[in-house]
Each structure stands twice: as C-alpha cells, then as structure tokens.
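S.K.: Working from the sequences, and respecting the hints, build out all of it.
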Amino acid sequence: MSLPSLRAPLLALLSLTAAHALLLHPPPPHRRCPPPSMADAAAGATESSAAHGLRSSLPLREPCNVVLTHTNADFDSLAAAVALAKLWRLQRPSMPTHVVLPRGANPLAARFLAYHKHLFPIRGFSTINPEEVQMIGVCDTQTRDRLGPAAAWLENATHIAVFDHHEYASTDLEPDELLVEPVGSTTTLLVEKLKASAPPPEHVHRAGWRGTP
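The sequence shown runs -21 to -1, 1 to 192 under mature numbering (1 follows the signal peptide of the UniProt record, and there is no 0).
Hint data in this document are derived by calculation from the structure and do not stem from the laboratory. Hints are supplied without guarantee of correctness; some may be wrong.
Stated by the list, open to error - Here are the computed lysine to any residue pairs in the SDA-like style, where the Cα-Cα straight-line distance is at most 20 Å:
id, residue 1, residue 2
1, K174, A140
2, K174, L98
3, K174, P38
4, K172, D151
5, K172, P75
6, K172, D155
7, K96, R82
8, K96, N51
9, K96, T50
10, K172, P81
11, K96, P81
12, K172, P154
13, K172, F99
14, K172, L69
15, K172, G83
16, K96, L39
17, K96, P38
18, K174, F99
19, K96, R68
20, K172, N135
21, K174, P72
22, K172, E156
23, K172, T50
24, K174, E160
25, K174, L69
26, K172, A140
27, K96, E110
28, K172, L158
29, K172, R71
30, K96, Q113
31, K174, R71
32, K174, L158
33, K172, E160
34, K174, R68
M.R.: Set out below in structure tokens:
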C-alpha cells in the first residue's frame, strides 16, 4: 500500500481522536491568553511523552482487553488498532483496552510513534499479563504467524474479534467476530464503526469535524 493511502486513514483517525477529546472534555469559555512559545510547547510534549513512557512500561495487574497489530506494524495496522481500542473503550468503559505491537513497527510508523506514542493507549508486550487478558482484537491480519508471541494469548481470550481488508486471506484464529471487506484499508472499517458509535456533538461540528461552513 502506498504512503499517501496510509496517511489518509491515519489523519482521519487523529481527527477522530481530537473530536472525541472535545466530546469528553469540552473547552472552557473563550478567553484571551498569549499563545505558548515553541519552547513551551516542546517542553510540554516532552513531559507528556516521558510520563507516558513510564506508565506504559509498568506491568499491568488488572483485567484488560487488548488490540493487536500484526508484527512489524505499518500505519494501517496501527491506526486500525487505535481506532478499535477507542471503540471498545467507548462501549466498555469499565474495562481498560490497550494496543500492543507484538514485534514493533516498521521504520516509518516507528518514527511517528517516537513523537506521538503518548497520544495513544499503547502498552509494551512485556507489560501485559496473559492471564488477565479478556477480549482480543486483531487488526489488518487473520493469521497467527503475523501475531508473533502474542498469538499465545488467544488461547484464553473470552472473545476474539478480527478486522481486515484482505478479502481473500484465510484465517486460523477461530474468531468470534470477523469483519473483512475489500476496502482500501482496515482503518476505514474501524473509523466507520467508531463514527457510527458516537456521532460528534454540534459544538464539534462547528469546530471543524465535518468542515467549517
């Protein structure tokens, strides 16, 4: 898949992330304040990234749902996994959902994550306790060999959901839920489900969710 076709769904996902943030945390009444300097913005991003890095490296000690990318995750697998995690968090707020990249990301996606990982619910593989994993989502693949060591987690999962856009691929995951459609990316499938699950409120429309009139 070409780089432009991967950037489009990722940008759509980032737009959804921003819109849902507005939905959950509406901005305060407008007041004039000086814009932050570039140094302040950079410092804030560094602090957020460092704090996230510390949290995401600590072992989890609670039940959770997990969404898996395929090994050497690309933008489509990554963006789809983040969208599914957000969808499950909206549908099941009492159960945390984390994204796991079983064997990291390809160079382009890894560079993106180096700057923006703190924006997403991504956890390291070694921080997950397999005995605590409940539901498992799989994005952009349908086979165990593309899940690396995380394939072993499937054995005790209470529910397995698979989302893919490779129509003619066969699956050996024995999923409880399978959605495969020949669209341009798996991200398309998940962003459509996410948009349908929580339509943005009117103030998000005005903020540019569907364009400024």
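S.K.: Taking the hints in turn, state whether each one holds.
M.R.: Structure-based check of each hint:
For the proposed pair K174 and A140, the alpha carbon gap of about 19 Å is at most 20 Å, so the pair holds. For the hint linking K174 to L98, the alpha-carbon distance of about 19 Å falls within 20 Å, and the restraint holds. With a CA separation close to 32 Å, the supplied pair K174 and P38 exceeds the 20 Å bound. Note on K172 and D151: the hinted pairing is violated, with a Cα-Cα distance of about 24 Å set against a maximum of 20 Å.
For the hint linking K172 to P75, the alpha-carbon distance of about 19 Å falls within 20 Å, and the restraint holds. Proximity of K172 to D155 is assessed by CA-CA distance (about 17 Å); at most 20 Å being required, the pair is judged to hold. Restraint check: the Cα-Cα separation between K96 and R82 comes to about 16 Å, which is no more than 20 Å; the hinted pair holds. Our distance criterion of 20 Å between C-alpha atoms is met by K96 and N51, whose separation comes to about 16 Å.
A hinted pair counts as satisfied when its Cα atoms are at most 20 Å apart, and K96 with T50 qualifies at roughly 17 Å. Distance restraint check for K172 and P81: the Cα-Cα separation of roughly 24 Å exceeds the 20 Å cut-off, and the hinted pair is therefore not satisfied. Proximity of K96 to P81 is assessed by CA-CA distance (about 15 Å); at most 20 Å being required, the pair is judged to hold. A threshold of 20 Å between alpha carbons decides the hint, and for K172 with P154 the separation of about 18 Å falls inside it, so the pair holds.
Between K172 and F99 the CA atoms are separated by roughly 18 Å; this keeps the pair inside 20 Å, and the hint holds. A distance of roughly 11 Å separates the Cα atoms of K172 and L69; the hinted pair therefore holds under the 20 Å criterion. At most 20 Å may separate the alpha-carbon atoms for a hinted pair to count; K172 and G83 exceed this at roughly 26 Å. Of the supplied pair hints, the one linking K96 and L39 holds, its CA atoms being roughly 18 Å apart against a limit of 20 Å.
With a C-alpha separation of about 18 Å, the suggested pairing of K96 with P38 holds against the 20 Å cut-off. Our distance criterion of 20 Å between C-alpha atoms is met by K174 and F99, whose separation comes to about 18 Å. Simply put, K96 and R68 have alpha-carbon atoms about 18 Å apart, close enough for the 20 Å limit, and the pair holds. As the CA atoms of K172 and N135 are separated by approximately 26 Å, the hinted pair breaks the 20 Å bound.
With a C-alpha separation of about 17 Å, the suggested pair K174 and P72 falls inside the 20 Å cut-off, and the hint holds. About 14 Å separates the Cα atoms of K172 and E156, which keeps this hinted pair within 20 Å; it holds. With a CA separation close to 24 Å, the supplied pair K172 and T50 exceeds the 20 Å bound. Annotation: proposed proximity of K174 to E160 holds, straight-line Cα distance about 17 Å (limit 20 Å).
At most 20 Å may separate the alpha-carbon atoms for a hinted pair to count; K174 and L69 meet this at roughly 11 Å. Of the pairs offered as hints, the one joining K172 and A140 holds, with about 14 Å between alpha carbons and a cut-off of 20 Å not exceeded. The hinted pair formed by K96 and E110 fails the criterion: a straight-line CA distance of about 26 Å is larger than 20 Å. At most 20 Å may separate the alpha-carbon atoms for a hinted pair to count; K172 and L158 meet this at roughly 11 Å.
The suggested pairing of K172 with R71 holds, with an alpha-carbon distance near 15 Å, which does not exceed 20 Å. In summary, the hint linking K96 to Q113 is not supported, as the alpha carbons are separated by about 24 Å, beyond the 20 Å threshold. Taking the CA atoms of K174 and R71, the gap is about 16 Å. The hint holds against a cut of 20 Å. With a CA separation close to 16 Å, the supplied pair K174 and L158 stays within the 20 Å bound.
A threshold of 20 Å between alpha carbons decides the hint, and for K172 with E160 the separation of about 13 Å falls inside it, so the pair holds. Restraint check: the Cα-Cα separation between K174 and R68 comes to about 14 Å, which is no more than 20 Å; the hinted pair holds.
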